[in-house]
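2 protein chains.
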Amino acid sequence: MENRELMQQVKRWVEEAGEYIKTELKQVVKVEQKSNRSDLVTNVDKGTEAFLVNKINEAYPDDLIIGEEGTGRDVSTTDGRIWIIDPIDGTLNFVKQQENFCIMVGIFENGKPLLGFIYDVMKNEFAYGGLETGVYLNGTKLDKPEDLSLADGLIGCNVGMYSENYKHSKEIASAAIGVRMLGCAGLDFLSVIRGKQNGYISNLAPWDFAAGTVLAEALGFVCRKYPDSDYDILGDRQYFVVATPQTFSDMQKFF
Amino acid sequence: MENRELMQQVKRWVEEAGEYIKTELKQVVKVEQKSNRSDLVTNVDKGTEAFLVNKINEAYPDDLIIGEEGTGRDVSTTDGRIWIIDPIDGTLNFVKQQENFCIMVGIFENGKPLLGFIYDVMKNEFAYGGLETGVYLNGTKLDKPEDLSLADGLIGCNVGMYSENYKHSKEIASAAIGVRMLGCAGLDFLSVIRGKQNGYISNLAPWDFAAGTVLAEALGFVCRKYPDSDYDILGDRQYFVVATPQTFSDMQKFF
Chain A
1 MENRELMQQV
11 KRWVEEAGEY
21 IKTELKQVVK
31 VEQKSNRSDL
41 VTNVDKGTEA
51 FLVNKINEAY
61 PDDLIIGEEG
71 TGRDVSTTDG
81 RIWIIDPIDG
91 TLNFVKQQEN
101 FCIMVGIFEN
111 GKPLLGFIYD
121 VMKNEFAYGG
131 LETGVYLNGT
141 KLDKPEDLSL
151 ADGLIGCNVG
161 MYSENYKHSK
171 EIASAAIGVR
181 MLGCAGLDFL
191 SVIRGKQNGY
201 ISNLAPWDFA
211 AGTVLAEALG
221 FVCRKYPDSD
231 YDILGDRQYF
241 VVATPQTFSD
251 MQKFF
Chain B
1 MENRELMQQV
11 KRWVEEAGEY
21 IKTELKQVVK
31 VEQKSNRSDL
41 VTNVDKGTEA
51 FLVNKINEAY
61 PDDLIIGEEG
71 TGRDVSTTDG
81 RIWIIDPIDG
91 TLNFVKQQEN
101 FCIMVGIFEN
111 GKPLLGFIYD
121 VMKNEFAYGG
131 LETGVYLNGT
141 KLDKPEDLSL
151 ADGLIGCNVG
161 MYSENYKHSK
171 EIASAAIGVR
181 MLGCAGLDFL
191 SVIRGKQNGY
201 ISNLAPWDFA
211 AGTVLAEALG
221 FVCRKYPDSD
231 YDILGDRQYF
241 VVATPQTFSD
251 MQKFF
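Keeping their order, the protein sequence lines are chains A and B. For the first sequence, UniProt numbering begins at 1 and goes up steadily by one. For the second sequence, UniProt numbering begins at 1 and goes up steadily by one.
Treat the hints with care, since some could be wrong.
[Said to hold, decoys possible] Partial selection, computed: residues in chain A whose CB lies under 7 Å from chain B:
| id | residue |
| --- | --- |
| 1 | MET1 |
| 2 | ILE177 |
| 3 | GLY183 |
[To be verified] List of simulated lysine-lysine pairs, DSS-like, C-alpha gap at most 27 Å:
| id | chain 1 | residue 1 | chain 2 | residue 2 |
| --- | --- | --- | --- | --- |
| 4 | B | LYS26 | A | LYS123 |
| 5 | A | LYS26 | B | LYS123 |
| 6 | B | LYS22 | A | LYS144 |
| 7 | B | LYS253 | B | LYS144 |
| 8 | A | LYS253 | A | LYS167 |
| 9 | A | LYS34 | B | LYS170 |
| 10 | A | LYS144 | B | LYS26 |
| 11 | B | LYS141 | A | LYS123 |
| 12 | A | LYS30 | B | LYS144 |
| 13 | A | LYS26 | B | LYS196 |
| 14 | A | LYS26 | B | LYS141 |
| 15 | A | LYS196 | B | LYS46 |
| 16 | B | LYS123 | A | LYS196 |
| 17 | B | LYS167 | A | LYS167 |
| 18 | B | LYS26 | A | LYS196 |
| 19 | A | LYS253 | A | LYS144 |
| 20 | A | LYS170 | B | LYS167 |
| 21 | A | LYS141 | B | LYS123 |
| 22 | A | LYS141 | B | LYS22 |
| 23 | B | LYS144 | B | LYS225 |
| 24 | A | LYS144 | A | LYS11 |
[What the hints assert, rightly or not] Not close to chain A: a few residues of chain B, all C-beta gaps over 12 Å, as computed:
| id | residue |
| --- | --- |
| 25 | VAL29 |
| 26 | LYS30 |
| 27 | ARG37 |
| 28 | ALA50 |
| 29 | ASP62 |
| 30 | GLY70 |
| 31 | VAL75 |
| 32 | ASN203 |
| 33 | LEU219 |
| 34 | TYR231 |
| 35 | ARG237 |
It should be emphasised that the hints constitute simulated quantities derived from the structure, not laboratory data. Heads up, the beta-carbon is just placed ideally off N, CA and C, and yes, glycines get one too.
Work out the full structure, taking the sequences as your base and the hints as a guide.
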């Protein structure tokens, strides 16, 4: 199957998952705590992951899958094709706001980014694609955004890192023209790839950065373990940065 | 004229102003700095203020007007009817993102809140009304949201105040379940009155809080100069808080 056909197939699955989420939002959502009071999971996160995992398993039984809500935590090789799923990124926003969350799917092949999907369900903004296919937003191909410097744009920053100035992150954010905190990594990636923020620094699990990394790298952005080493799609939570090349270079001057 | 008719009239003006902004966004926007590099004004801010001031002056020549972009800075009495306008709240977002900004109009009569209007132009979310008319979002009447405690919801906080823990604001934000920074006071007010955030702490000029205060007080929220004194619609920039009664009460325990 061509990458373009695969892109269209997964796009439809993610849209169907979005319809499922909107239907579930009309009913009472069951919320559970995970590691702490702001780390939540709902029956809808679980249902969405199960829906996507089922589609992938049926169509591509040999592919590996890692999902935020428990799928495939024992994956230990990047050989072959790996799907990395965050069924609802921004679950706290989902629970408290019923918006400002997204579905994310990243596909890697032999450790290399293949296709990424970020769908802001309630705003109906859907970015998808990769290096070979190009990156699209609701059907329109995205160009490489301007290579803005740190001082000339907005930046997203994890509140905990900002609060502690972890590895100069507060100083870096303060050197930008403004800082934004949205509570949803996928929305920060969307903002970056659309040229609305020139960077984002956070502490992310692979399902938080996989989809965004495929899209961002395809458009020429830098994606690194923060401040400057290779990210690991099989690793635990890691400090992470996505930025325009110039913004990334400006950040490195703080170290 | 009845309050309800006035509400409908101003709603139409603000919608027309929104159409003007969307048209101007298709052309090159001229940006100037005001007090610092993140305090911007554009030809569209000025054009929107001029449009609204003109409508008010034609219909209500005896009313006083205060606008962010220079209208009526010499107003020194709260007698009669005063209109307080922020033509584009979130100008930095407007310039860098072409979204996440809003038009705000607050009307006070003899110092008391009468009608408020907050229009998120690009998302087409329009909240308007007051104590007598009720508060509406895109035509649907808003109920008083649940009286959430500080620990049970999200809070918006000004990044500078958070950064310095100004008057315990960082500790207070950390006691909430999460903190959000949107770069647009009007969007925080919209989020609060819709029950999606339980509070917002910032440093605001009257045009930043006038519209939101009318809407929030009509729905039973507490609006105070932060941490706890009367706000001043003729004053300079002031520390400001809007919150559910329970969240406000929880905040006071930090002092």
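Problem set entry | Non-conforming hints, listed in increasing numerical order | Hints 1, 27 contradicted; others consistent.
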